[in-house]
Amino acid sequence: MERVPILKIGDILLVSIQVDMSDQTAMALQEDLAERIVATGCHGVIIDITALDIVDSFVGRMLSTIASISRVLDAETVVVGMRPAVAITLVELGLSLNGIRTALNVERGMELIAADRADDFHDDEFHDRPDPEQTASP
Numbered sequence: 017m018e019r020v021p022i023l024k025i026g027d028i029l030l031v032s033i034q035v036d037m038s039d040q041t042a043m044a045l046q047e048d049l050a051e052r053i054v055a056t057g058c059h060g061v062i063i064d065i066t067a068l069d070i071v072d073s074f075v076g077r078m079l080s081t082i083a084s085i086s087r088v089l090d091a092e093t094v095v096v097g098m099r100p101a102v103a104i105t106l107v108e109l110g111l112s113l114n115g116i117r118t119a120l121n122v123e124r125g126m127e128l129i130a131a132d133r134a135d136d137f138h139d140d141e142f143h144d145r146p147d148p149e150q151t152a153s154p
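The working numbering applies: residue 17 is where the sequence shown begins, and numbers increase by one.
Note that these hints are calculated values from the structure, not bench results. No residue lacks a Cβ here, since even glycine has one placed at the ideal position from N, Cα and C. No incorrect hints appear here.
If you anchor each label on the Cβ, the simulated ranges turn out as follows: (1) S38 - D135: 32 to 40 Å; (2) D69 - R19: 16 to 24 Å; (3) Q40 - T66: 19 to 27 Å; (4) I70 - A44: 17 to 25 Å; (5) G26 - E108: 34 to 42 Å; (6) V35 - A134: 30 to 38 Å.
Build out the structure end to end from the sequences listed, making use of the hints.
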């Protein structure tokens, strides 16, 4: 069985799908990726599908499942490298890829994840501040 490589780049895991996705390969990828997210503490996953000529409903469901697993483990998923023909096919199949963000290439995907993390950091910083009305003395 072929395994899909998972590379760590900073705070992001990069998955480059270069093989045909069988059921076994997809299941192994889901497990491997979940384990790597937990082991590394990464907050972003980029799935590069540039090499895929065809994305059918199976691959679409697999991408959605990976995004859901990643989200539960506190990592955002961005799919990059989608060819126009693949996008058209996904729309024709009625697959909306819920929970998956897309970007044109890996660089833009990394920027998207970095922007999300910065927004989360600023939101957390805002919520951690004491409420002035609760700390004011009468």
